[in-house]
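We have chain A already, so just place chain B on it with the hints.
Chains A and B supply the protein sequences, listed in that same order. For the first sequence, the positions run 1 to 112 when the working numbering is used. For the second sequence, the positions run 1 to 117 when the working numbering is used.
Hints may contain errors.
Pairwise CB distance ranges, derived in the manner of DEER restraints [stated by the list, open to error]:
#1 A:E58 <-> B:V117: 42 to 50 Å
#2 A:M10 <-> B:P61: 25 to 33 Å
#3 B:M39 <-> A:E17: 26 to 34 Å
#4 A:A28 <-> B:E44: 16 to 24 Å
#5 A:A28 <-> B:V117: 39 to 47 Å
#6 A:S111 <-> B:K78: 39 to 47 Å
#7 B:D56 <-> A:T21: 28 to 36 Å
#8 A:A28 <-> B:G3: 26 to 34 Å
#9 A:S41 <-> B:S58: 42 to 50 Å
Don't read these hints as lab results, they were simulated from the structure. Every residue gets a Cβ at the ideal spot worked out from N, C-alpha and C, and that includes glycine.
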Amino acid sequence: LAKTTQPISMDSYEGQEVNITCSHNNIATNDYITWYQQFPSQGPRFIIQGYKTKVTNEVASLFIPADRKSSTLSLPRVSLSDTAVYYCLVGEGHSGYSTLTFGKGTMLLVSP
Amino acid sequence: DAGVIQSPRHEVTEMGQEVTLRCKPISGHDYLFWYRQTMMRGLELLIYFNNNVPIDDSGMPEDRFSAKMPNASFSTLKIQPSEPRDSAVYFCASSTGRLDVFNYGYTFGSGTRLTVV
Chain A
1 LAKTTQPISM DSYEGQEVNI TCSHNNIATN DYITWYQQFP SQGPRFIIQG YKTKVTNEVA
61 SLFIPADRKS STLSLPRVSL SDTAVYYCLV GEGHSGYSTL TFGKGTMLLV SP
Chain B
1 DAGVIQSPRH EVTEMGQEVT LRCKPISGHD YLFWYRQTMM RGLELLIYFN NNVPIDDSGM
61 PEDRFSAKMP NASFSTLKIQ PSEPRDSAVY FCASSTGRLD VFNYGYTFGS GTRLTVV
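So here's chain A without its partners, still in its complex pose (with noise of 0.2 Å):
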């Protein structure tokens, strides 16, 4: 399984654009990418996922460069309530089955 790494914890303001980048440098061809968040009390909620160039939803943009080798969780215009831990997740897709494994995340506290 490929191994993900992200900062610990991250800062930000209210009404900024946030960008969480986990690299993930053994990555295979059949990997996707997905993030997850998860509020205290809760458990992990999908985000978006993703296998190359770059996808947008109606929550966030994620970024993948060419090597795949990273990518970049982008949170735009932020609010108190994105204040989460948000995992950054590889695993297979083609097969039929996959399992995620999660690292420690990145704690973001989005301050007024």
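Relative to the frame of chain A, chain B by itself:
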């Protein structure tokens, strides 16, 4: 859809007692996962099932832990006997298994907070 349903939400038990955690996955999801979360170790995958069959239980800490999935809509995680170091939040998640742009990854339940005193 009500999502992944776990029960109980909180469980406090004495050391040595048997504890059973329950999970109802999302209908149609053929993969079910049990995770454990602690401050020290983060989120750990304990075991996962595919079509009710255990596929990988290498994350189960020891023989005191056992998991079953008697049908597609129900799974249990049992600890017998329980110990204080088992105190953690236990999450159940379900998935269709395929990671692609049309899939939404794992759906987690709200967890069971277990305290063993």
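* Asked: Does the Cβ distance between A28 of chain A and E44 of chain B fall inside 16 to 24 Å?
  -> holds (22 Å)
* Should the hint that S41 of chain A and S58 of chain B are 42 to 50 Å apart at their CB atoms be regarded as holding? -> Violated - the Cβ-Cβ distance for S41 of chain A and S58 of chain B, about 28 Å, lies outside 42 to 50 Å.
* Taking the beta carbons of S111 of chain A and K78 of chain B, is their distance inside 39 to 47 Å? -> holds (43 Å)
* Asked: Are M39 of chain B and E17 of chain A spaced within 26 to 34 Å by their CB atoms?
  -> About 30 Å separates the Cβ atoms of M39 of chain B and E17 of chain A, which means 26 to 34 Å holds.
* Status of the given 42 to 50 Å range, CB of V117 of chain B versus CB of E58 of chain A -> Given range 42 to 50 Å: holds, Cβ gap about 44 Å.
* Satisfaction of the hinted span 26 to 34 Å by the C-beta atoms belonging to A28 of chain A and G3 of chain B -> holds (30 Å)
* To do: Using the Cβ atoms, figure out if A28 of chain A sits within 39 to 47 Å of V117 of chain B.
  => holds (44 Å)
* State, for the Cβ atoms of M10 of chain A and P61 of chain B, whether the hinted interval 25 to 33 Å holds or is violated. => For M10 of chain A and P61 of chain B the Cβ distance comes to about 32 Å; the hint holds.
* Range agreement (Cβ of T21 of chain A with Cβ of D56 of chain B, hint 28 to 36 Å) -> Since the Cβ atoms of D56 of chain B and T21 of chain A sit about 30 Å apart, the hinted range of 28 to 36 Å holds.
Of the numbered hints given earlier, the model fails hint 9 alone.
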